[in-house]
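Protein chains in written order, with the numbering used here: chain A, 1 to 249; chain B, 1 to 261.
Treat the hints with care, since some could be wrong.
[Unchecked claim] If we take Cβ atoms under 8 Å as the criterion, some of the chain B residues that face chain A in the derived model are:
| hint | residue |
| --- | --- |
| 1 | A153 |
| 2 | Q158 |
| 3 | P168 |
| 4 | S175 |
Think of the hints as simulated: they come from the structure by calculation, not from any bench.
Keep in mind the model is a prediction, meaning the values are calculated, not measured.
Heads up, the beta-carbon is just placed ideally off N, CA and C, and yes, glycines get one too.
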Amino acid sequence: MTSTPAYEHAIDVQQLHKSFGDNEVLKGIDFHVDDGEVVCVIGPSGSGKSTLLRCVNQLEVPTKGRVLVEGVDMSDPETDLNDVRSRIGMVFQSFNLFPHLTVTANLTLAQRRVKKRGKAEAEKCALKNLARVGLEDKADAYPAHLSGGQQQRVAIARALSMDPDLMLFDEPTSALDPELVGDVLAVMKSLASEGMTMMVVTHEMGFAREVGDKLVFMDEGVIMEEGDPAEVLSNPQHARTQEFLSKVL
Amino acid sequence: MKRTTKTRLTRGVMYAIFVAAVAALVLAADWPAIQKAFFNVEIARELFPDVVVIAAKNTIIYTAIAFAGGMVLGLVLALMKLSPVAPYRWVATAYIEFFRGLPALLVIFTFAFAVPIAFQWRPPGGSAGAGLLALIIVSAAYIAETIRAGIQAVPKGQVEAAHSLGMPAGWTMVSVVLPQAFRIVIPPLTNELVVLIKDTSLLFIAGMALSQQELTTFARDGVSSVGNSTPLTIAALMYLAVTLPLTRLVAYMERRGARGR
Ligand SMILES: Nc1ncnc2c1ncn2[C@@H]1O[C@H](COP(=O)(O)OP(=O)(O)OP(=O)(O)O)[C@@H](O)[C@H]1O
Ligand SMILES: [Mg+2]
């Protein structure tokens, strides 16, 4: 992006509340991600990390508060939600590839339906992104014939095929066998080095320290602590953060 | 030790009862009478080729029309039942519960006779056409429930992935959910098809000219004109020739499905 954007933060979450029935899962979150920044979110299970991430692209509808993506209010009824979503890539813990479609068809479906690209153009883009994740040779395979690590890299390529401005990752390596985690992290690292704006919920502290620009620690629906990853990891201020890190490190 | 002896003894008694029952049946049955009434080769020969080129053919045509119509209407009802708009859900639920709660024969009878008289309506294809319309309407109620279950069996993550890519609800349904849902419901839908093949026999109530007759009507008319039940046997064999392979196919698909795709 050459011109200065007309917004303050790529993702801007203000006073976000989310309840499921009586269960208040997010209790007033203020949070932002800037263009080109990699923000990692950590915290114990059930602390609301996924819910926060899913509120960003409105897979969950917030109960209260605002989410701005590139300055666009996601709860505004005037907002073309699908248009904004097509600029936000999302990678799920369980991959969620379309099992009835080949790898190429997985990558071209939304390009053709949403971006209205022609077949040839969409396939060219798909192939380019498969090469980016090192899987050009799997273009005609079905997801079921790929390893978990390969499926997750295809899922990343699928998101990239929409030419997103920013990417959301929800524990992208948690469902993988340990020996397959590295390949996926490598792809994410190269994305970060290319300047992709990324919000990453993860348990990979090494990745957070090495690649993250900012680390956010969540507990029971609030942000307890945030800052430089190395700083937070080596010198946590809150007792809750210390307790959590002593368990996972 | 004691337990195995006991098991073996019970087994032995069960076999003995079975053999005795079969023997009793074979000895008691009046074989010549059965053969004369149900397996008269002369009469059987007379039924061909009409039983194939008219009756079996019509059974298949009626089944195909009822299934195709039921699929279209059933899909619409399933989508209505899952609609976020409450009145659509109410209408679909009311329709499904209403027609699943009635005997198909009653609905066919109503459409073939009561409706045309009440509304001065001449159904296309005569009363057989009206009966067929009733069959579509009834089968749609069952097919709708099957398709709805299939749609709901598609994991939520599939819809979320499509939405995260910016796909609108309609395209998500058509390109992501329905192809997977249909794969899931192929076995139960094949069962519906078998039921429908047999249910075309209910059209006999509509009263049909010879050229319109399906297997059961044809066989029944045959029985009254020759005074022998062999046409029923031939019709039964015709039904089984179609339904048995289909039910075997469903069993095969379910076994394969259970092993995981
Ligand atoms: N769709 C939902 N309906 C009801 N409750 C939900 C729903 N989604 C999440 N929750 C609840 O919200 C709380 C936070 O869930 P969330 O998935 O955001 O946690 P998380 O931090 O991502 O945890 P994990 O590390 O286990 O993924 C949990 O108590 C969960 O049970
Ligand atoms: Mg989570």
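Now the hints, each set against the structure:
Look at A153 of chain B: its Cβ only gets to about 13 Å from chain A, farther than 8 Å, so that hint breaks. The restraint placing Q158 of chain B at the interface with chain A holds, with a minimum CB-CB distance near 6 Å, inside the 8 Å limit. Contact between P168 of chain B and chain A, as hinted, is supported at the beta carbon level, the nearest pair being about 5 Å apart and thus within 8 Å. Hint status for S175 of chain B: holds, given a least beta-carbon distance of 6 Å to chain A, under 8 Å.
Checked against the numbered hints above, the structure breaks only hint 1 and satisfies the rest.
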